[in-house]
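Protein sequences appear in the order of chains Y and V.
Start counting the first sequence at 56; every next residue gets the next number (the numbering used here).
Start counting the second sequence at 36; every next residue gets the next number (the numbering used here).
Among the hints, a few may not be true.
[Claimed, not checked] List time: in silico DMTMM-like cross-link candidates among lysine to aspartate or glutamate, alpha-carbon distance up to 25 Å:
| no. | chain 1 | residue 1 | chain 2 | residue 2 |
| --- | --- | --- | --- | --- |
| 1 | Y | K358 | V | D166 |
| 2 | Y | K259 | Y | E134 |
| 3 | V | K169 | Y | E316 |
| 4 | Y | K359 | V | D162 |
These aren't lab readings, by the way, just hints derived from the structure by calculation.
Model, not experiment: these values are computed from the prediction.
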Amino acid sequence: MAADSTPRIVPTEITPESVYEKRREFLKGSLALALFASLPVQAALPAWRKTAWGRDESPNTWEEVTTYNNFYEFGTSKEDPAKNAGSLRPRPWTVSVEGECLKPRAWDIDALTKAFPLEERIYRMRCVEGWSMVIPWLGFPLAELIKQAQPTGKAKYVEFVTLKDTKQMPGQRWPVLDWPYVEGLRLDEAMHPLTLLSVGIYGKELPKQNGAPIRLVVPWKYGFKSAKSIVTIRFVEKQPTTAWNAAAANEYGFYSNVNPEVDHPRWSQARERRIGEFFKRKTEMYNGYGDQVAQLYAGMDLKKYF
Amino acid sequence: MRPVETGVMAAKDMAFRPVAAPFWSRLSPRTLKVLLFVVCLVPLARLFVLGFSHGLGANPIEFVTRSLGTWTLSFLLITLAITPLRRFTGQGQWLRYRRMLGLFAFFYGMLHLTTYLWLDQFFDWGDILKDIYKRPFITFGMTAFLLLVPLAVTSNDRSVRALKRNWARLHKLVYPAAILAVLHYYWLVKLDVTQPVIYASVLSLLLGLRVWWWWQKRVPAAKAGNAVAPALASRGRQG
Numbered sequence: 056m057a058a059d060s061t062p063r064i065v066p067t068e069i070t071p072e073s074v075y076e077k078r079r080e081f082l083k084g085s086l087a088l089a090l091f092a093s094l095p096v097q098a099a100l101p102a103w104r105k106t107a108w109g110r111d112e113s114p115n116t117w118e119e120v121t122t123y124n125n126f127y128e129f130g131t132s133k134e135d136p137a138k139n140a141g142s143l144r145p146r147p148w149t150v151s152v153e154g155e156c157l158k159p160r161a162w163d164i165d166a167l168t169k170a171f172p173l174e175e176r177i178y179r180m181r182c183v184e185g186w187s188m189v190i191p192w193l194g195f196p197l198a199e200l201i202k203q204a205q206p207t208g209k210a211k212y213v214e215f216v217t218l219k220d221t222k223q224m225p226g227q228r229w230p231v232l233d234w235p236y237v238e239g240l241r242l243d244e245a246m247h248p249l250t251l252l253s254v255g256i257y258g259k260e261l262p263k264q265n266g267a268p269i270r271l272v273v274p275w276k277y278g279f280k281s282a283k284s285i286v287t288i289r290f291v292e293k294q295p296t297t298a299w300n301a302a303a304a305n306e307y308g309f310y311s312n313v314n315p316e317v318d319h320p321r322w323s324q325a326r327e328r329r330i331g332e333f334f335k336r337k338t339e340m341y342n343g344y345g346d347q348v349a350q351l352y353a354g355m356d357l358k359k360y361f
Numbered sequence: 036m037r038p039v040e041t042g043v044m045a046a047k048d049m050a051f052r053p054v055a056a057p058f059w060s061r062l063s064p065r066t067l068k069v070l071l072f073v074v075c076l077v078p079l080a081r082l083f084v085l086g087f088s089h090g091l092g093a094n095p096i097e098f099v100t101r102s103l104g105t106w107t108l109s110f111l112l113i114t115l116a117i118t119p120l121r122r123f124t125g126q127g128q129w130l131r132y133r134r135m136l137g138l139f140a141f142f143y144g145m146l147h148l149t150t151y152l153w154l155d156q157f158f159d160w161g162d163i164l165k166d167i168y169k170r171p172f173i174t175f176g177m178t179a180f181l182l183l184v185p186l187a188v189t190s191n192d193r194s195v196r197a198l199k200r201n202w203a204r205l206h207k208l209v210y211p212a213a214i215l216a217v218l219h220y221y222w223l224v225k226l227d228v229t230q231p232v233i234y235a236s237v238l239s240l241l242l243g244l245r246v247w248w249w250w251q252k253r254v255p256a257a258k259a260g261n262a263v264a265p266a267l268a269s270r271g272r273q274g
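All chains, full assembly: derive it from the sequences and hints.
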């Protein structure tokens, strides 16, 4: 992992958004609107620091990241979450850290973002459907929270549960998945320094359609592993039954590490289309994070544990 | 599906009750055909308009491919609806438009295939062949398209005359093509199969009608010549 010595910065010193918006002039025309939308939002997030993660990547635009989402709680098409997520109420919000740990705690979301220093990391995100994006996340390593909770010897896995509330999440009226959405990681995966709990993108609070107010980001796994709008983080002894695995076990494994050599039963995973690019690019093992994470799976048959 | 059922009911009523002549009845068949031709190009025109107005979303290639695919399916279903329309309304004029609609199904299918080969795979033939071989949904889609090729090729009057009775036989290939096309869609969808199920239901209705008519025709024939067991024939009459 790259060490970094960039000093802390306050929100007023944040790189202007136009730097991110290299490829689209989306917000330029609506500067007033952007200011209006970002002022109260930025005030809610404590100061954060930049890191070296993904410095050489060029992030997707705000528009791309916030209008092309898979978030079945708000509908199954990519445009649905941006249209329907308005009903989500990300404040007040409590995240319950519980299960096999010595210090369980119900965290208020704002207390959580104050307790752990926020940092920005630009990660690649590869969807199991064959497309990818580059997103500047704002968050803190999940490991910090786990250390605080002090998992017991029985804690082998960590389970993440998304909010279940049909009023806030109208898509849950249809049993597309067995609600609530549940995801899981092995404890060592959850403790890995790459694994992030994210509360923002582009220096702003997380938009509702991206999983407000807090979501998981596991960049070496397919996107659906990164559970959104989390209400429970639970330490458990047995491997959790995850939502997609329960829906189609032969298609979505528990691990779901990005792997160009293990195809989805119905489509190839060898290549991906980076949103905004014309040509497909080759998909990299562990989404290009192999140097950091390959040792977690040493000796495992990745075709079996896909 | 409910909308289709009510549509059929309305058509049935029209056959028995005199209704005010719709405006298009005053247009010549030729004008109508030209109008229909233009209407059939609207889905394609829409994609161009969206393309130039930044309206294809974050993944335009996927948007275009999906749109062309579902329009291919829609045109296949519309084409297959012509014969039922003719029978329910008792008006043969519907048949005038069937060939054009069928050719539009082929046209959109061809564009759909082109987006896959060109925009999606960029003519990587190795990967394309592997896809056709390994992925059932690609296999089905490709087969459906190949079944439509001879139909498009023999859609001219000369072929109709030359092939005589075999022309109608050959053009029954549209049935397996439509079934494969719907399966192609069903298999592609990740989890929410609502859309493909709607297409499948309409197709089942359209094909079911044909099976029903075929069965109805068979029953009197069986009664006349006593080739089929009487019990079977009476069961058919009751059903």
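Here's how the hints hold up against the structure:
1. About 19 Å separates the Cα atoms of Y:K358 and V:D166, which keeps this hinted pair within 25 Å; it holds.
2. Between Y:K259 and Y:E134 the CA atoms are separated by roughly 21 Å; this keeps the pair inside 25 Å, and the hint holds.
3. Our distance criterion of 25 Å between C-alpha atoms is met by V:K169 and Y:E316, whose separation comes to about 14 Å.
4. Distance restraint check for Y:K359 and V:D162: the Cα-Cα separation of roughly 24 Å lies within the 25 Å cut-off, and the hinted pair is therefore satisfied.
Checked against the numbered hints above, the structure violates none of them.
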